[in-house]
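J.: Listed in order, the protein sequences are those of chains A and B.
Each position in the first sequence, counted from 1, maps to that position plus 1 in this note's numbering.
Each position in the second sequence, counted from 1, maps to that position plus 75 in this note's numbering.
Check the hints yourself; a few may be wrong.
Distance condition first, Cα-Cα at most 25 Å in a straight line; then the derived DSS-like pairs of lysine-lysine [what the hints assert, rightly or not]:
1) A:K49 with A:K59
2) A:K169 with A:K156
3) B:K85 with A:K156
4) A:K169 with B:K85
5) A:K49 with B:K109
Hints listed in this document are in silico derivations from the structure and should not be mistaken for laboratory results.
The model shown is predicted, which means the values in this text are computed figures rather than measured ones.
Chain by chain, the residues:
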Amino acid sequence: MVERCLGGDNEAFSGLVELYQDRIYSFALRLLGGEAAAEEAAQETFVKAFRALPSYNKAQPFAPWLFRIAHNTCMDVLRAGGRNVSIDEEDFPDIPDQAPAVDDTVGEALDEARIEALLASLPPLYSEVLLLQYREDLGPAEIARVLGVPEGTVKARLFRARAMIKEKLATVAGPGPYIE
Amino acid sequence: MKNGSDNIAKAIRALPYRGPRAGFSARVMAAIAKEQSSPVAGLIGAAELLVAGWSALVAFAAAGLIGSNWTAIAAFLIQPGSFGRALDLASARCAMLAGKAVALLQLAADLAAAAPVPAWQEFAAAAFVSAAVIYTLSGRLAAQRI
Numbered sequence: 002m003v004e005r006c007l008g009g010d011n012e013a014f015s016g017l018v019e020l021y022q023d024r025i026y027s028f029a030l031r032l033l034g035g036e037a038a039a040e041e042a043a044q045e046t047f048v049k050a051f052r053a054l055p056s057y058n059k060a061q062p063f064a065p066w067l068f069r070i071a072h073n074t075c076m077d078v079l080r081a082g083g084r085n086v087s088i089d090e091e092d093f094p095d096i097p098d099q100a101p102a103v104d105d106t107v108g109e110a111l112d113e114a115r116i117e118a119l120l121a122s123l124p125p126l127y128s129e130v131l132l133l134q135y136r137e138d139l140g141p142a143e144i145a146r147v148l149g150v151p152e153g154t155v156k157a158r159l160f161r162a163r164a165m166i167k168e169k170l171a172t173v174a175g176p177g178p179y180i181e
Numbered sequence: 076m077k078n079g080s081d082n083i084a085k086a087i088r089a090l091p092y093r094g095p096r097a098g099f100s101a102r103v104m105a106a107i108a109k110e111q112s113s114p115v116a117g118l119i120g121a122a123e124l125l126v127a128g129w130s131a132l133v134a135f136a137a138a139g140l141i142g143s144n145w146t147a148i149a150a151f152l153i154q155p156g157s158f159g160r161a162l163d164l165a166s167a168r169c170a171m172l173a174g175k176a177v178a179l180l181q182l183a184a185d186l187a188a189a190a191p192v193p194a195w196q197e198f199a200a201a202a203f204v205s206a207a208v209i210y211t212l213s214g215r216l217a218a219q220r221i
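For reference, chain B alone in the conformation it holds in the complex:
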């Protein structure tokens, strides 16, 4: 007796491939070229450059700081219990920064309440820059998801 599953498999294996209309690959390449040359792509490229530049600057500053203080850092780290103390220091530093951030926000709120509302162009410029950064980051995530 023939096995039914085998017959189904055989029939599907024998199905021919269909082809799209002629010039399909040219249309695909044209769509890719169009996408690459669009103003949005230029904007994304610029925003990516901005993000990459900022990241490089932060990395460079951090590396410089570590490089100039590496002896002190190494001396601190080889002491017993140094990691715990470093953690405590970092926590204290974070708490202090958080306190400062709250105070800064409070100050900004007070200033905003006292000062006139910024011009619409400033709002628009800030929104534009933020949207560009968010679009770039979300585009990268989407590319990873495919």
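Chain A on its own, in the form it takes in the complex:
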């Protein structure tokens, strides 16, 4: 289908949009929080993708390339809304260094509503690595290409993101039912 798009077949691009629209829209929705903003970002992503198709390298998988555009678009929207999307000292929440029990705080299954709320409560740079890793099944190398950062940074963000979720769960739940 991508081949046909590169050959100038607009109908094929429409098929690509339908194939990826839910994934891109969901990604944008979970980063931006609002349906209207997510739909606008998703639409902008596909328009940009269409424009940039001649620069797409066929040797690389299509999904990470598309998610890279979606990431850039969402970051632009967040910046335009005054959100800080850079990593600096202020962005790092205080996660205690001595947290031996945090891995045990997610002892029971997390339901959909709770994990959605937890993801929404994270800074976007952290929630997106979790979404790309687990929901989109991308490896650290692919995520690094999507975000335009070194692979080590991706691994560090993943670690931080998981730690933040565990910390939030521990804070909300206390040492009660979530610790086995």
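Dock chain B against the given chain A, drawing on the hints supplied.
T.: Chain B in isolation, oriented as in the chain A frame:
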């Protein structure tokens, strides 16, 4: 004991995809069609054509020059130390051109000082052409960046 990270991964994997409102792909294709048919797109296309035409002309002229003098060029290049001499020649040529450019700028400044200021239409036309070329080039760079 269950691993906490595994549970987080499992929960995120199980998240459903949400869908945009019905007719999303049609709206995307309409936005693309609108962009393609806008006057700016036509202007960009024309500017791209201008840049491509100029590049082709320069390449053609250079190829013609090399083609008509290739024997002399080959004879020069096979001599020992020819690359160094070619480099010296090129440097000298560049220095001469730079000197000429400075003199030309000086002459243009003198003429501008002596002559009346060009009409605003000329300024506007020059600005328009320059903006079109810059817009085209910056658009290509932006497309590469995505």
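J.: For every hint, state whether the structure bears it out.
T.: Structure-based check of all given hints:
1. At most 25 Å may separate the alpha-carbon atoms for a hinted pair to count; K49 (chain A) and K59 (chain A) meet this at roughly 17 Å.
2. Between K169 (chain A) and K156 (chain A) the CA atoms are separated by roughly 20 Å; this keeps the pair inside 25 Å, and the hint holds.
3. A C-alpha spacing of about 18 Å is found between K85 (chain B) and K156 (chain A), which places the hinted pair at or below 25 Å, so the restraint holds.
4. For the proposed pair K169 (chain A) and K85 (chain B), the alpha carbon gap of about 18 Å is at most 25 Å, so the pair holds.
5. A hinted pair counts as satisfied when its Cα atoms are at most 25 Å apart, and K49 (chain A) with K109 (chain B) qualifies at roughly 13 Å.
Comparing the model with each earlier hint shows no violations; every hint is respected.
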